[in-house]
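Please arrange chains B, C and D on chain A, whose structure you already have, making use of the hints.
Protein chains in written order, with this note's numbering: chain A, 56 to 635; chain B, 8 to 433; chain C, 4 to 265; chain D, 4 to 362.
Since the hints were made in silico from the structure, they are not lab data. Note that the Cβ used here is the ideal one computed from N, Cα and C, for glycine as well. It is possible that part of the hints are untrue.
What follows is a list of derived Cβ distance ranges for each label pair [claimed, not checked]: (1) THR219(D) with VAL20(C): 26 to 36 Å; (2) ASP226(C) with TRP481(A): 27 to 37 Å; (3) GLY51(B) with THR218(A): 30 to 40 Å; (4) ASP95(A) with ALA52(B): 15 to 25 Å; (5) ARG16(C) with ALA32(D): 34 to 44 Å; (6) LEU157(A) with GLU197(B): 48 to 58 Å.
Computed footprint of chain B on chain A, listed as stretches where at least three residues anywhere in the stretch have a Cβ under 8 Å from a Cβ of chain B [unchecked claim]: (7) 160 to 173; (8) 432 to 444; (9) 534 to 545; (10) 585 to 598.
One-letter residues, chain by chain:
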Amino acid sequence: MRAALSRDNVRAGLIGGVTVLYLALVGMIERFQDRDVITDVIGLGTLLILIGLAGTGYMASRPPKPRPGRKPVTANPALIGLVAGTTAGVLAGAVILILELLISAGVDVRSVLASVTPGMLSTMEFGLGPVGGALILVGLGAALGAGAGALRLLSDQLRDTVTFTLTAVLLMSLMEPILSAVLDGLSLPDRWLYEGGGLTVLGAVLTVVAAGAGRWFWKEREPQRKEAVALLPADRRTLYRKLAVFAAVAFLVVLPWLVGSFISDVLGTVGLYVLLGLGLNIVVGYAGLLDLGYVAFFAVGAYATGVLTSPASYLVREEGQLFAEKGLTNFWVALPFVVLIAVIIGILIGAPVLRLRGDYLAIVTLGFGEIIRTLVLSDWLAPYLGGAQGLLNVPPPPPEALDLRAPQNVYYLILVFCGIAAFVAWRLSDSRIGRAWAAMREDESVAEAMGVSIIRYKLLAFAMGAGVGSLGGVFFAAKIGSIFPNSFGLLVSINVLSVIILGGLGSIPGVIVGSAVLVGLPELLREFAEFRLLIYGAILVAIMILRPEGLVPNKRRQRELHARDAEAELSVIVTDEATS
Amino acid sequence: MRTSKLWRITLLLAVLALIAGACTDSGGVPAECESDAFGCVEVGAGDPIEVGTLLVITGPNAFLGQDSQNGVVLAADYLDGTFDQVNGEIDGHVISFNHQDDGCSADGGQSGAQSLVSDTAIVAVIGTSCSSAALGVADKILSDRGIALISPSNTGPALTEPSQHQPFYLRTAHNDKLQGAAVANFAYNELGARTAATIHDGSPYADGLQQVFADRFVELGGEITVQDAIQVGDTDFTSVLTTVAANPPDVLYYPIFVAEGGLITQQARQTAGLENTTLIGSDGMLTQGFLDAAGEASIGMYLSGPDLSAFSGDAAFYAGAFKTAYAAQFGGEPGAAFHAHSYDAANMLFKAIEKVGIVDGDALYIPRTALKDALFETQGLVGITGTLNCNADGDCQSTATIGVYQVETPDSLPAAPVYSEVATLE
Amino acid sequence: MSHLLDLEGVSKRFGGVQAVDQVDFHADQGEIVGVIGPNGAGKTTLFNVVTGFYGPDSGKIRFDGNNLVGLKPNQITKVGIARTFQAVRLFGAMTVLENAMVGQHPRTRAGVFGALFHTSSTRSEEERVQAKAGAALDFFGDRLSPRLNSLASELAYADRRRLEIARAMATEPKLLLLDEPAAGMNPAEKDGLIELIGRLRDEKGYSIVLIEHDMPVISGVSDRVVALDYGKKIAEGTYEEVAANQQVIEAYLGKSATQGQT
Amino acid sequence: MTAPATSSRRLRFERLPLRRIILISLSIAIVYGVVAGSAATLRMGTFTAADWRSLVINGIARGSVYALIAIGYTLVYGILFMINFAHGEVFMSGAYTAFFVAVAFGRSGYLNAHPLVSIGAILIVSMVTSTLVAVILERVAYRPLRGAPRLVPLITAIGASFFLQYTFRGLYGAQARAYPTINVLQGTWTIFGVEILRTQVIVVVAAILLWIALFTFVAKTRTGRSMRAVGEDREIAALMGINVDRTIVATFAIGGALAGAAGILYVFLFNQVIFTMGFFPGIKAFTAAVLGGIGSVTGAAMGGLLLGVLEAVGPNLFLTGVGVPSPNQLQPVVAFGILVLVLIFLPGGFLGAPEEKRA
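Extracted from the complex, chain A is given alone in its bound form (with noise of 0.2 Å):
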């Protein structure tokens, strides 16, 4: 037993105490409580509570990495687990009765911890009051410690069914929106699964039992589907590979019909951060320019399709009056003057700062997203570009029989602008160009001496970024059909950049995952608006700690990165060997 009262223990448990009251004090565990993920068992907020001390004791029982002078200590995890989540227990518990003495003796503790509300007290208590909440969550600490603990008693495939099981539950309370909304488009009753947003108590244990049982048989078969799939002689492994790119073209025709307007709608959103994620990617992926300012070439792509189609906007009022009797001034015939403004306009902002190193690139790429930002917002615009009343009633794209506007119509148009610049994504990168780009990204003054022209490489990168990106503001347009100039804000920029760099820098698929990652899942999670940009930045940190490569990293990026150790090592020795 003294073993596990190491002084690591006991920081793993604190730093588990702190990380529970963190989720208090911010007043995640008392807003999350509004959404059961069992109906009337246990509340979001709870089971936070449960996580947070499980994880202390799961974490701190981790078999620890050998570091030199330091012999290991070698306790059974179980009794690591049970001092950690309790040392997290008392210091949540001690917290909680201190803030409930702060209360008591009349200091307005609310005026400066603005979420220590009554409700976020009782949530923490387990509604058993001050002394008898301080004590549940000792007891829970222990407990849930110590079995977090002797999991790693378990064999691997046991502990990781388990593990899988109780995230299975988790995940399956939190698709309620979109599960729910799936069997309503199908007409099939959800009250068996699903009752007012949580998991109803039948819907939970039939959720564990396919779980485990999935989870259990696929680990149980795995061995087995490894031999198969390496006996596959080569064409039939690429015929597979060809069916699983139909089929999972196919499966995304289909998927609006399957969930729902407002999936759909979602997935709309999704599609546009992919296509500027392609776009972008062109630039930061393949030339490697730091680029913070794309935002610029979205509003262009939006704001151009607004003046030239919509009724409203003042070139289609008086100078257009006899293309407008024509239908000239409609979104198909709009939309390749509107990508060659953005490239003429990409050319002009890029032509004179490429040259720029990395961070001063940035900053000035920054500087003209502000700078357009502020032009289309303006007053001294505003008689041609509507300035803070934005432009509004864009049509949707014709024909009108179609209404593209319709979530699920939408869907298609950006599905297939998608499909366009993926096209051109991957074309570009492996020819020639592509060559070029990435022997400048790796060593520029290399590549110059063989022969690519920097400049001009650059520019065509820069070029094309702008035309898909503008291709994702005729989207837009096309989409919402009124314009306003606090869509195209800093934040439009750093979202399509994490979404490129999690996803994996210069990788098509990289591009789609990240944004389903990034843009899809916040909405999910539209209750809890206001943690949204919370959870947001904490897993930006920390899929960037856990895969800097990004989720699906292209392999030549893959490479880069190791090719770059390697590097580095041999030529440690190729100085030694010149020098000795």
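Frame of chain A, contents of chains B, C and D only:
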């Protein structure tokens, strides 16, 4: 191999249970629902009446939307006559909410509206906070599905222009045309001002108000020296104030929100040349939050907004029971001015539901078009913000009493206005 | 008579240091010129000025009838000069074949349209690029060709040197500038290098200028040798003449050593 | 086998510096706009000399705050070559936490009874909090990414910025709050016959003092030298016995303390706190650091001052003359327009070393 066979059987059983649970169905539907173009909302036995809210609860304007949302929650609470944090009922069905965020932007309004439209149990929606989230976006999406949208704070004139108005859109906020003109009348006639300057923050609300003020002020014979604007999120307004002070006007009108409003008020007091310029703001700043942010600098300035004191009955209720309930549940003073309007909007909706709801055993059917018509027929409904009379274009404050208050102390909002004007939409 | 590469009065200063000082230098068609001199004599700077990395402060540089001053490095490569670097600088994350294919860049024209729609001209050009790159790699026998698809960073040190030369060959140059190709090589590899440089000239017809410290390599390949010290040309002629030159010995061995010798 | 004779016409086309033409024409356009606009405005004479002077003074005060935050940016950049997007939030965390101390002092009357002591206490609370947040930020978010390619820490910094912003919204609430007024800071002082707001004078003086302190610290002290060594070459610095981790933590701590001080000075000027108050100043400070030449402390100070004056004077000077409505709304256009102009001709900013093309 034996254990895996066991697992396979339990899996089979699970799937069977899934299908078995799916075979329940519901009884017949009353005649009115068949005839209604958009059908009825069917509230089953023991189910709640679901009301959606679409207000800005993220980003810099979050305090505005959160405050309106609190007003709606209090209205449902008071439905049973007491503020006991337990929602009242209509025909045995308790009121429940689906709160969504309008993000104060066009795309935020659209995804919020789409989320509400996909929930078929939604009876009606209180929202949006920002005009940019409604105009041509949320109002159209919800109207196309026959879901009534009642806004507590959209004041942009375009939303109820006959050419733009969506059939299912109403608002309890007053039209900017009334407030802007009322402030101009006050400045020109009461204060005797002949020159004025305006500052807006690039939002449709502020830009619309200052333009109406400027047009009316010129119409009365005054002169506009400077019309300038600031960036939301900025904090140093000394240069724009120096621009205004170059040709010192009698009145400086800046109908913006608390964050920038508080700073401009402080910095204006320190700007050489603006010593005898009267500062005027509007209902975006008519809150205790603004007085806290501006501090002593706000003493003596004027703020326009709904004249709450004109109606003796509800003013006492507003200042008394309502404010205490607000503080108890949400901690402290209201963050913005529109909680009163959202409270009235919710009550207007509940009255309409009671009027058109068809009870059939334990179930309740609410025909959507009938509900809309009932809302548009609201006449003489006494609320906190005044008497609601909805006209055909959805303006329920068509005859609103606009008050102009003078700030005496930063510790509390002025009780009664120094000037009040009953204005009617032509 | 006009030389292939002709430098007149070229100088380049970095702040206080006069790296290259009024150097006249030339190389003729099919000739191999060795450039020697102690560290810091301005050899690599001379290469960088010729290949356009930085413009000369003064002097004229002509190559095959074109004035090089003011051209960017990629334009100079197109005109027909290719180079290698003192510390091998390859595209580590690209395969051996891809490194060579980048060399083909100035000799090809495929643009965005070609890349997108795989037009017939682009497809045939890509085949030609692969063939040319393959040919450059095959020049090194079985050293590089069997490892076309492995990463450049995975190659052994000597092979990395060879790949860098192959990449330079792939630009179809007239003049090859080799910057200390023998650095870090053992005696056997050095002999192979001497034989290789000879074949480059005889089979491929390149003119070659190489910077080298290793005297056996210089004497083994050079038709003519130029010695530099403190940015100035101090000697020119055959290897024997330059090796015997008093100033060259002093530059390398320092004053006192030579006194002792006489 | 010699290269095909490239037609000289193609060569001449490439000689035509297309890029240089766009570059020159863009710069001429900006310079023309600036000169013509200023001349027109001065001819119109709407602004008196006193107006221009107050605009410049406002610009200097605002610039001093940018300078203080920019120095923090430059210190971290000089070491890790990383754009620390979350630096704005470090600045906000100190100012917001110290707000509660100020309110407590204010309510008990202590604030105005002993202003110097209470200001000292507020300053200490703010600097301690900011230093703590900066150190924890480095330990949790940036240390694991030491070797990662440059874009990765940038995204982590952006993530940390959002995380910190909405954490403080959860902790302290969403509404804007005003600092209690400190009487001794109200009113103006007359310097050289010019009446300047006391708060503005304090901010400028504090900025100059802290800049000098920082400059000597980095140049003269042992930690300062090790910071520069780690910035030059981390491996070599480690070989020289410098504890790289401790030096980096020290840099973040100093940057954090500076941000805490800047937060209090900012609140003196604008006396309002809200959870989003760090984001825009962070961006402006980063712009100032780049304008002055990222990596140099003096560059950051100068860049901050210049940006402040540019934002204050620019819009009125350049735009009112040519009849552009709401000139102050176009402040970002002026600020970033001039930044682009500077970077075109001085790619490294004023004092930064533009990257020499090393063969």
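Hint check results:
1. For THR219(D) and VAL20(C), the hinted distance range of 26 to 36 Å is satisfied, since their beta carbons lie about 31 Å from each other.
2. About 50 Å separates the C-beta atoms of ASP226(C) and TRP481(A), a value inconsistent with the hinted range of 27 to 37 Å.
3. Our hint of 30 to 40 Å for GLY51(B) and THR218(A) holds, since their Cβ atoms are close to 38 Å apart.
4. Range check, ASP95(A) to ALA52(B): about 18 Å between beta-carbon atoms, so the 15 to 25 Å window is met.
5. Hint check: ARG16(C) to ALA32(D), Cβ distance near 35 Å, so the stated range 34 to 44 Å holds.
6. A C-beta distance of roughly 49 Å is found between LEU157(A) and GLU197(B), which places it inside the suggested range of 48 to 58 Å.
7. Using a Cβ-Cβ cut-off of 8 Å, 4 residues of the region 160 to 173 of chain A lie near chain B, which meets the minimum of three, so the contact claim holds.
8. Proximity of the region 432 to 444 of chain A to chain B, defined as three or more residues with a beta carbon under 8 Å from a beta carbon of that chain, is established by the 6 residues found.
9. For the region 534 to 545 of chain A, the stated coverage by chain B is satisfied: 9 residues place a CB nearer than 8 Å to a CB of that chain, which reaches the threshold of 3.
10. Counting residues of the region 585 to 598 of chain A whose beta-carbon sits less than 8 Å from any beta-carbon of chain B gives 3, enough to reach three: the coverage restraint holds.
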